[in-house]
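S.K.: Chain by chain, the residues:
Number of protein chains: 2
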Amino acid sequence: MARRIRFNAFQMNTPSHQSPGLWTHPRSDSERYLTSGYWIELAQLLEHGGFDAIFLADVLGVYDVYRKGPEAALRHGVQVPLNDPMALVPLIAHATTRLGIGVTAALTYEHPYTFARRISTLDHLSRGRIGWNVVTGYLDSAARNLGLGQQLGHDERYDLADEYMEVVYKLWERSWEDDAVKRDKERGVHTDPARVHPIRHKGRYYDVPGFHLCEPSPQRTPFLYQAGASPRGARFAARHAEATFISGPSKAVVKRGVDAVRAAARVEGRDPDALLVYAQALVVTGATEAEAQARLEEYRRHIDVEAALTLLSGWTGVDFARHHLDDTIEYIDTDAGRSALASLSAADPGRDWTVREAAEFIGLGGRGPIIVGDPRQVADQLESWIDDTGADGFNLAFALPLEDMTLVVEHIVPELARRGRYDAAPRGGTLRGQLLGQGPRLAPGHPGSRVDIASPLSGIQAA
Amino acid sequence: MARRIRFNAFQMNTPSHQSPGLWTHPRSDSERYLTSGYWIELAQLLEHGGFDAIFLADVLGVYDVYRKGPEAALRHGVQVPLNDPMALVPLIAHATTRLGIGVTAALTYEHPYTFARRISTLDHLSRGRIGWNVVTGYLDSAARNLGLGQQLGHDERYDLADEYMEVVYKLWERSWEDDAVKRDKERGVHTDPARVHPIRHKGRYYDVPGFHLCEPSPQRTPFLYQAGASPRGARFAARHAEATFISGPSKAVVKRGVDAVRAAARVEGRDPDALLVYAQALVVTGATEAEAQARLEEYRRHIDVEAALTLLSGWTGVDFARHHLDDTIEYIDTDAGRSALASLSAADPGRDWTVREAAEFIGLGGRGPIIVGDPRQVADQLESWIDDTGADGFNLAFALPLEDMTLVVEHIVPELARRGRYDAAPRGGTLRGQLLGQGPRLAPGHPGSRVDIASPLSGIQAA
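Read top to bottom, the protein sequences are chains A and B. The first sequence lines up with residues 1 to 463 when you count with full-length UniProt numbering. The second sequence lines up with residues 1 to 463 when you count with full-length UniProt numbering.
Since the hints were derived computationally from the structure, they do not count as laboratory data. Hints are supplied without guarantee of correctness; some may be wrong.
[As the list claims (entries may be wrong)] On the chain A side, residues computed to face chain B include the following (Cβ under 10 Å):
id, residue
1, W39
2, I40
3, L82
4, T121
5, W132
6, D184
7, K185
8, P209
9, L213
[Said to hold, decoys possible] One side only, chain A facing chain B, incomplete, derived with CB under 8 Å:
id, residue
10, H76
11, P81
12, R117
13, L122
14, S141
15, D207
Note that CB positions come from ideal geometry on N, CA and C, so glycine has one too.
This is chain A alone, in the form it adopts within the complex:
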């Protein structure tokens, strides 16, 4: 039977996310990111459309590689200003009944003891619908402002990440037994102290002797997302993540990513098919093909090349201001440039991309494909992407968020549902329960389920 296709909405608490320049569109009202009303309207739309989740990205820093400063990012509103995504979770949770809410939080931004409480609180308030996108890397500018001087080395960062995960697993999974809270008014016993355990963690980076401050939330550990691309990152994802995000411009690139992450999960002793993969895409549609194409042309007129290069420079570490817009990218001869652009040019292998063309590609919908057409054409393409790559669904970027998501909900969801490829009326429950079809808690084989508080370092790595 053909696999069900899943949708996730890729968002950020900022005026302009993956389509820099589109905030200048006449119908853009990007300043609504500052209001509750915008997020509630969007979340209710996504829930109505049967989306798995709204996913809130975050970077906590500024894109300042382009022209070696933050001016271009500010001028073009490239992911700056950027508000805290966590504050949106309680709002969205209250305004919806089953939509998942994924939120990015980088390790090292916050101590695991306070972070664990923050997440448990959100899992309680959302009745088990919180997901956490575990980010181990971050922008240099964020590290500097947090007084971290410079970033840890890449591999050391993952060692710290593994220990961070161990601390939060201990707090979430082992500190409070399921029946610790009694609320026994007769006997005057709120909690049985014998069933609440200090975690006594003493590691290389963290020292947390006490117990978790929160009673067990529906999922305990939030549903875990990750998007690691490097070999060490992929191993981290394979060990911890229950869903991953992949961005690639072609099916070949995405398939390679899907295969790699599933193979790595197998190596870690986990069920590779239980790891969901969402591929980034921008859907541009309308009632007819002509309408969709006209919309795409209209969007393209608002691409801002400098804004796109600001984003691309930040992602790759290459200052594209040093290159002519008509240079072909193969001449950009640095390691970071080569590796980042290799995947870009994979979108159209025979072709010599210029810097301008790369910017125009990135400038609408980011690093994923644009899938354009009438509802049947779009559904055909989405099906073939899923069938050819092995991904489970799409992380949908936007040009105009409410408008694009409305079109997906009104046109694409019913078309896919008609084909038996989309569940437009999911049952609800916790995010993990909905996505993995099991209970609200981590699967038994997951390292968070095996964490042990009897020894200071339980070695979740020693699977």
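Mind docking chain B on chain A? Use the hints.
M.R.: Just chain B now, kept in the frame of chain A:
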């Protein structure tokens, strides 16, 4: 003209706050703290009653002085489990239109760079209704779990606090000019980079070179609360706070606190009358005096002495388990015990309090008075407390939160309004605008208004 009386609701994201034991009352539904619905219902009630704000306390640690462990706190639910208060702010903001939302956050729990973003986001979402209770001290157990080993010395903690404030003032007040954000679609200019300034802070504790990530929020700096009691704490409050909290069992104790904080504000060059003071109190009322007294007796039957001693031991550092319940407190011969209990016994100077009596006092409504009677009797007492102490209003504790606040709103608010002592229909606006009757921004004399990013350490202390 007699001064207007202000109400603030004293709350915490936990089953049992200042009246340990009362969660066992048959009409208590303390487990509702885990739900959005509870907080929204409470906030809308308070807004309807013209309250200045809901105030969310926090401790991030466990009361573990009593019997040298956390068992009693857990067993009796003494401020544990304890969820993150920040997550409630967006919910309450969206469910109300003018109620202020004060939230406790201790310095050193979070880096000022990320904290500043968290608060600015909440100030945007609430349209300028966020207040921050600046806490410099914390429980030892919190420090241990954050890997801080042991707390900094008391005075050094305030030096760090001053520098922390300087960093966040620079981010909130100086980084983005008022007209930095243009959103000029024609010219494609989202923000004018020349009007966004890196703060280049380089101090003893923090090093933050960059600019704030958020565009200016309605208040920029949140309305500032503080509750420092020590001489150094009072100086910190006098310098930074726009409102303070005082807990004392008698008018004499509260008056002494009010006079001290206003005198200290004068020394700092600020207008002492612009500093609001809220005194803690529990109001127990009903349609008649008999009804109010019956309610008080009913509440008293649910006081839990061991739970109260757990709280008292945590506050004073004295393990009261080492004393007989019938010992008079004057025999408890330690500095911490003496100083904490001095204020307690001030409630009834002629009397020798036993440990049990102290626990029973603390066990209902915490360290403030219980004001009991029919609406006129309560209003008489509230008026005389305000007139005799110079406080501006009350920080109202509860036994049963929704029930007690409903009685205040239904009986006490109209009675005080009738007497011209309460504004039952405030106009709205930002929290600062509502409380100080001026604009949304810090007053010109406030150190946050004078902070300077031209020098690495602008010396807000050198007023």
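S.K.: Which numbered hints does this structure break?
M.R.: Hint 5 alone not satisfied by this model.
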